[in-house]
Amino acid sequence: MENKEKDMTSQGQMTENLLEVNNLKQYFPIKAGLLQRVVGNVKAVDGITFSIKRGTTMGLVGESGCGKTTVGKTILRLNDKTDGEVYFNGINIFDLDHKELRAIRPKMQIIFQDPYSSLSPRLPVSEIIGEAVKEHGLIPEKGFNEYIDHTMKICGLQPYHKDRYPHEFSGGQRQRICIARALALLPEFVVCDEPVSALDVSIQAQIINLLKDLQREFELTFLFISHDLSVVEHISDTVGVMYLGDLVEFGTKKQIFRNPLHPYTEALLSAAPVPDPTVKRDRIILEGSIPSPANPPSGCKFHTRCPKVMDRCSKYIPEIREVEPGHTVACHLYYDHLETLD
Amino acid sequence: MSDEKNRLPDQSPIIEEPILEDIEEAEEGKMILDEERQEDIPADFQDEEMALDDARRIKSLSPGMLVFKRFIRNKLAVIGFAILVFMFTFAFLGPLFMPYEQDQYFTHVGYQSKDYAGAIYNTELRYTVADGEEFGSYERAQFLLALGKDNEIFSLGEDTHYIQTIADGTYRIIDLDKVAGELMRMGLTPEAGVTLPEGFEEAYFAAKDAGEESFEHDGVLYRISSEKKEIIISTEENIALASLNVFDPYNEEDLDVVDSFKFKLAGEEAIAAEMNEFTVENQSYEVQYDEGQITIFDAEGQPFAGVSEIIVNPLDKNEYLSFEFKSAIRQAIRDLKDRVVIPDADGTEVEYRIARVNANYYIRRQTPTALISIYELPSAEHPLGLDNNGMDNLTRLMYGGRISLMVGFVVVILEMIIGVIIGGVSGYFGGAVDTGLMRFVDLFNSIPFYPVVIIFGSVMDTLDVEPITRIFLLMAILGVLGWTGIARVVRGQILSLREQDFMVAAEATGIRTSRRIFRHLVPNVMPLLIVSATGSLGGIIITEATLGFLGLGVRFPLASWGSIINVASDPYVMTNFWFMWLPAGLLILLTVLGFNFVGDGLRDAFDPRMKR
Numbered sequence: 069m070e071n072k073e074k075d076m077t078s079q080g081q082m083t084e085n086l087l088e089v090n091n092l093k094q095y096f097p098i099k100a101g102l103l104q105r106v107v108g109n110v111k112a113v114d115g116i117t118f119s120i121k122r123g124t125t126m127g128l129v130g131e132s133g134c135g136k137t138t139v140g141k142t143i144l145r146l147n148d149k150t151d152g153e154v155y156f157n158g159i160n161i162f163d164l165d166h167k168e169l170r171a172i173r174p175k176m177q178i179i180f181q182d183p184y185s186s187l188s189p190r191l192p193v194s195e196i197i198g199e200a201v202k203e204h205g206l207i208p209e210k211g212f213n214e215y216i217d218h219t220m221k222i223c224g225l226q227p228y229h230k231d232r233y234p235h236e237f238s239g240g241q242r243q244r245i246c247i248a249r250a251l252a253l254l255p256e257f258v259v260c261d262e263p264v265s266a267l268d269v270s271i272q273a274q275i276i277n278l279l280k281d282l283q284r285e286f287e288l289t290f291l292f293i294s295h296d297l298s299v300v301e302h303i304s305d306t307v308g309v310m311y312l313g314d315l316v317e318f319g320t321k322k323q324i325f326r327n328p329l330h331p332y333t334e335a336l337l338s339a340a341p342v343p344d345p346t347v348k349r350d351r352i353i354l355e356g357s358i359p360s361p362a363n364p365p366s367g368c369k370f371h372t373r374c375p376k377v378m379d380r381c382s383k384y385i386p387e388i389r390e391v392e393p394g395h396t397v398a399c400h401l402y403y404d405h406l407e408t409l410d
Numbered sequence: 004m005s006d007e008k009n010r011l012p013d014q015s016p017i018i019e020e021p022i023l024e025d026i027e028e029a030e031e032g033k034m035i036l037d038e039e040r041q042e043d044i045p046a047d048f049q050d051e052e053m054a055l056d057d058a059r060r061i062k063s064l065s066p067g068m069l070v071f072k073r074f075i076r077n078k079l080a081v082i083g084f085a086i087l088v089f090m091f092t093f094a095f096l097g098p099l100f101m102p103y104e105q106d107q108y109f110t111h112v113g114y115q116s117k118d119y120a121g122a123i124y125n126t127e128l129r130y131t132v133a134d135g136e137e138f139g140s141y142e143r144a145q146f147l148l149a150l151g152k153d154n155e156i157f158s159l160g161e162d163t164h165y166i167q168t169i170a171d172g173t174y175r176i177i178d179l180d181k182v183a184g185e186l187m188r189m190g191l192t193p194e195a196g197v198t199l200p201e202g203f204e205e206a207y208f209a210a211k212d213a214g215e216e217s218f219e220h221d222g223v224l225y226r227i228s229s230e231k232k233e234i235i236i237s238t239e240e241n242i243a244l245a246s247l248n249v250f251d252p253y254n255e256e257d258l259d260v261v262d263s264f265k266f267k268l269a270g271e272e273a274i275a276a277e278m279n280e281f282t283v284e285n286q287s288y289e290v291q292y293d294e295g296q297i298t299i300f301d302a303e304g305q306p307f308a309g310v311s312e313i314i315v316n317p318l319d320k321n322e323y324l325s326f327e328f329k330s331a332i333r334q335a336i337r338d339l340k341d342r343v344v345i346p347d348a349d350g351t352e353v354e355y356r357i358a359r360v361n362a363n364y365y366i367r368r369q370t371p372t373a374l375i376s377i378y379e380l381p382s383a384e385h386p387l388g389l390d391n392n393g394m395d396n397l398t399r400l401m402y403g404g405r406i407s408l409m410v411g412f413v414v415v416i417l418e419m420i421i422g423v424i425i426g427g428v429s430g431y432f433g434g435a436v437d438t439g440l441m442r443f444v445d446l447f448n449s450i451p452f453y454p455v456v457i458i459f460g461s462v463m464d465t466l467d468v469e470p471i472t473r474i475f476l477l478m479a480i481l482g483v484l485g486w487t488g489i490a491r492v493v494r495g496q497i498l499s500l501r502e503q504d505f506m507v508a509a510e511a512t513g514i515r516t517s518r519r520i521f522r523h524l525v526p527n528v529m530p531l532l533i534v535s536a537t538g539s540l541g542g543i544i545i546t547e548a549t550l551g552f553l554g555l556g557v558r559f560p561l562a563s564w565g566s567i568i569n570v571a572s573d574p575y576v577m578t579n580f581w582f583m584w585l586p587a588g589l590l591i592l593l594t595v596l597g598f599n600f601v602g603d604g605l606r607d608a609f610d611p612r613m614k615r
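Protein sequences appear in the order of chains S and W. Each residue of the first sequence is one higher than the one before, counting from 69 in my numbering. Each residue of the second sequence is one higher than the one before, counting from 4 in my numbering.
With the rest of the complex left out, here is chain W (with noise of 0.2 Å):
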């Protein structure tokens, strides 16, 4: 035993070299050592005062450290993995500092335009029927016939109505009471039952001789007609009155007088003869005549009605359109403009547009609404403008990058723990059970994987599965047909441990199978595992954007990212907005390209035999 302890520290020096001329890592841990010693160990120290075999000299790096140092110094690694801080900081810590929710959405006033009122040259006779008559729709059917005949009288009958022509297209109807009839000049005979007052008899001569066509006795109208040979004299009493003038009241409450038998009669009259005044019931009325605009003021000079060949009607009943505002409509139409500002009964000038569609004028209101902003332009407010659910963009891409990452993660975990647990098995077990479980690998292999997506993405729509839900059945669906390929790696991995001299020594020294599985073989699986891992989180990433672009992924009002840049697959969209679907894309490409960046630098650093 002395003789031991003599000679074993005299060898060491000659054991300790070739750790520093043999051993890349250890050169390295020197290396950095080297390094550091040079800043608190004076220069002349370094080559005499340090023993070769001094425990300073050699840091310990353990195979964690070595690996982390080789990653560091890989520059496109490092570039990987800020991208991918950068990318997790956006995604998950980004949605605190922005003011706006996912799924809130941002209005705007606008102007939206709006039919308000319809508006025709009146073509139509309109019927005012006199206070107790009756003027349907046969009588009006008679009317018509008899004017298209140019008659002036037809029977209704045991009736007979008169039509007289007031102007051309104003027609008064009357119906006309025989109270005597002259036959071959042989004097009058009155109607059975009838009394002819006084002086009737002279008056009617007069008038006759006179030529005219009707005359006035004791305050009633006689009319003079002729029919055949004989002369009728009868009383007449009026029916109708029918026009192609529309009568508009100035206040709404005039409607009634407006809209009489009365008033029209007698301003229709007055209209014909073009005369200034009229009175109707002891209110006399003036009469202006402006451009085919013709308006009725009352005694106090004030504006009572207007009188026009172009009906405007409001297309809601319940409206009630203003004189000034069918007087403007009317003078538009008539001076053949398009738009029109007419101030409302607030003041406010309210423009119309004026539509016309073959006879028929459309009054359009540009009505102020509140709309949804889409398609924002980027602004301060919204640094990236407002998506097609007027929704800010940056905030979706956020919450977006949430859902695309975690779905990348948790489909990963889920292909890990699946990939590792069927791989561990078949590779550490070996025999049939490896046969039977890659046989199994191949079956989920073969799956055909985006028509059995397709066909989940529509199982889920009929069944209207939650968004939440959906995300999650879309993890377990990706997890489940990607596990296939971990599987494969790992058990090719743990094939080829179980063999290495480190198991069999493992074994030889009595250690328990749990600690040789979980000690031994999981530490050595683990940098493979970590490499696939990463390089798969982009592949999953991709495909999840994939799903999200087909409208089989995320669902609104949640976002991912492909589902953002689903509105890229309408042209107008793509051509016109490319806030909408561009940083989307590069998101996806940079998460993407940082997961192959820092996959790539794992797979090296794990490599001893990268001297990088």
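For reference, chain S alone in the conformation it holds in the complex (with noise of 0.2 Å):
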């Protein structure tokens, strides 16, 4: 078990990207009737490609109900995939039989969006940190009770606080536990999912810059979801747009937020509010609301909300452009050919 741990480690140094994602699929079956046959699916992601550079973050930005949430459920295999592969240190996760996925669980973590719900009330804070922890014989009994002070302690927490349990924690104190539950395993990758969303502003602040701290002492890699664009442009190397369970726009953070390519980013961005109430931005307002995942729109997804809709839109599914170097963007206004297409 040991060895295969420093395989991976050693293979993983050896990839610069520490997360790939291949046309990952995520659908949910819809039952029905008596005998609960399968009437349809739930396209919650629905072929998504992106990697992740170690020691980067990657926001994923993107309405509510398009899937950001079950892409970072699916990379850490919470859910059974329906198609495609994650490499996590180049080895496809879904290849891992159970106790080989137990082995690398503590490697990739994630921290929910809910703090409240995310804490199970009937353990003390030191157990529910350290109990992974000493389940992986992560670190060796002696110095056991220090670690988890000194966690605790970068996580911004008291010691004192170790007998307590979650009902005693205010929301962001809970969100510095969920974070410490996530960092005493010494992970490589982790899933941020709105971390900050159910938190008032300041502590959004507080746990943000923790994050970023943490990111930068122990070189960690995060995929952070997030539907609040100004969150993700702090914390952001590279900024993925998702819209219906398809990455509709992929770069780093300043392609995204200075040269936003697809007309759903363009929304999105012009949506965001800026603190400077003399900056006047031209807004764009999306029509509707985003369709059912279970019935998408033929052709581009987005076309029924688009602004800049045109016939071949209906019709036609975009393929993913490569726009300029690390720009990607599935739109048919940045397609080649359009000729040839119509």
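Bear in mind the hints are in silico, worked out from the structure with no lab data behind them. Possibly wrong hints are sitting among the right ones.
Only some residues are given here: those of chain S computed to face chain W with a beta carbon under 7 Å [as the list claims (entries may be wrong)]:
#: 1; residue: 93
#: 2; residue: 95
#: 3; residue: 96
#: 4; residue: 146
#: 5; residue: 150
#: 6; residue: 170
#: 7; residue: 173
#: 8; residue: 174
#: 9; residue: 182
#: 10; residue: 185
#: 11; residue: 187
#: 12; residue: 200
#: 13; residue: 203
#: 14; residue: 206
#: 15; residue: 207
Just so you know, even glycine gets a beta-carbon here, dropped at the ideal spot from N, CA and C.
Given two chains presented individually in distinct reference frames, assemble the corresponding complex, making use of the accompanying hints.
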């Protein structure tokens, strides 16, 4: 087991991308009737591809229900994927058997959106943080308590909080406990699933800064899922924009925020509030709401709401194109051979 | 890193504050601490000296402690808990202080009316047969026929019997042996082969002339009787005596003498003649008459026998009734009394009751017997009296409580085991397993409870199951029929817990399945389980009581509260002996109330939204 873990690490050192996601699909069956027959699928994630470089943060944005959280969970194999591959340190995590998966678990952690439901109410903080550490034998028995104290301290918790129970903490502190739980396992990769959206603004800033500090210190790689563009802009190196299970645009933070290509990204950015009343911007207001992922529109899924919709949008699914280095977009506006398609 | 260390402590007060404002539990913890703090910290210290993030400021309370605190604050729940503590002490420790066993019965000396003797006015002739003679039923029948026709003579083959009326209802039956006959005043003709003694003829004529019916000659008594035109002179031989009088010896050993033909004949003749004395075989006897009671004294003046028209016989053939007893009874019957006190052989006065049924009198004696004291009213020794089996009610209630409470607990534990396993498996694995198990639950839910239990009870009756085994089987059937509710609750809870983020987080951290179930899932199901178990405890005790009341539950000599109440199904007991059923009813009522209060209290205490 240990050898295997070492293998993984050594393998990992060689790959530049810590995480590679290839055409990942996650459908949830819709069952109906007396016999619970599958009558359709909710296409929560419908074939997305991206990679995250070691030590960087990828922001994943999109409106509610577009499949961001599902991506995060499926990457960690908390859901069983429908199709596609996820390579972590060059290892396809869906090829691992139960034991191997358990061994690799500490390396990839998740921080949830709701700090209230993500902590078991019947365990004291020290056990919440230390339980998995003990389980995997990451730290020798001798220094265990000091290690937990240390982890708590770097996450902004006091050692005397150890014996308390989650209900005795505020939301921000609970989120710190969640972070401590993830960090105590010495992960390489952490999925932050909207870790600050349940917190008020001042606490949000603390948590975001804490995450950034921790990333710097432990060379963490983050997948930062959020619908809050300003937070994503603050923390991310690269950004992916999701719409209805598709990754419609992907690029560096600069590319996305300075030069948004996809009409959806443009709309999103224009909707983000700017804390300066003098700045005037043209707002793009999207009509209607997000269509059902069980029955997505034909062609480009965004065509029902797109302000720049064309005839072909409803007919053909746009391919992902690299418009500039590292900046990909799936939109017919940037298709080279528009004429041939028509 | 150094940057980190500098920054964080500064921030912590800001972070700390929401604890005190947002979260009730924390606030509670603080409040408790505040109370404690005021005792040992001077008042002016309280605000300034205690930093907001001081460790002492917030006392760490485990969820269990919080539940306990909230529970303690609920008065009703505490009352319920106190009731339960009392019930358990009463049932499990109480018997240790009771001097009685649960199946120990109590007796008292009571008088039981028992038929002792019978008496009747004698209307049938009683026959005393002379020594060496026969007077069987044929002879008696002929005698009675003759008596009915007013004949003085009746023939039995060659013998001719003569009926001599001594008194009204007293007859002497004599066999006449013809010695001689005189036909048409033509002088005596001796019978063939008979030689008449000398002077016989003279004696005969003298008697005939005097108009006497008999004469004595040479020590032999001769009777003169006429048959058609012939006068017959015959010797007489005693055959029997028929009389309505009853002779009773004064002493048992004189029975033979009194019953002898000679004595009776002499006695009857004397009584008929109202003579005051008579002699039998050289013994002289004196007769006294006293209001229908005739007493015969012997030569020494001691009472020897009594003569009466009333027969008194013991119902037990082996019993000998003393003369005094018989006399007293006769006297009482003649006086039309219905009770009489007669001293027995030891001099103890015994009361007898005389009951008349048609012509018969029954003499009943009140015999002292050890009687089981049933339905005895409460007293110092038996604070709740004695029950229908003469057993101490309070002791029975204690032992009954043991069984009632034990049944409740064992059944709930059984229900929990089955319910948690089936509900847990169903909820944790979901899918087809869930569907299958839930249909199984539906199946169990559709079993009609009472018919099954009643059939089961009668099967146990048929198989003659031991009372103890019966209880265990009862527990088993109650548990097997009752787990479905708990299974559903557990399944629902686990289904919802399974999707909670902390379960996903536990999976993400790579904690093994068994630990996920027992460390994360089960502790979160426990509160619900405890609440639903406490709630159903009361219900099971009621069910057991119902079964006990219907006679399907616990069997004698064991008791349960339900079977104790069973006696109230007799309206007589219900209206007259409140102490038989009221205490058991109250105990059931209080226990179920207690369990419900505690259940409610626990539910509220486990619910973090409850402020109390």
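So, going through the hints one by one against the coordinates:
no.: 1; hint: 93; verdict: violated, 20 Å
no.: 2; hint: 95; verdict: violated, 17 Å
no.: 3; hint: 96; verdict: violated, 13 Å
no.: 4; hint: 146; verdict: holds, 6 Å
no.: 5; hint: 150; verdict: violated, 17 Å
no.: 6; hint: 170; verdict: holds, 5 Å
no.: 7; hint: 173; verdict: holds, 3 Å
no.: 8; hint: 174; verdict: holds, 6 Å
no.: 9; hint: 182; verdict: holds, 6 Å
no.: 10; hint: 185; verdict: holds, 5 Å
no.: 11; hint: 187; verdict: holds, 6 Å
no.: 12; hint: 200; verdict: holds, 4 Å
no.: 13; hint: 203; verdict: holds, 5 Å
no.: 14; hint: 206; verdict: violated, 11 Å
no.: 15; hint: 207; verdict: violated, 14 Å
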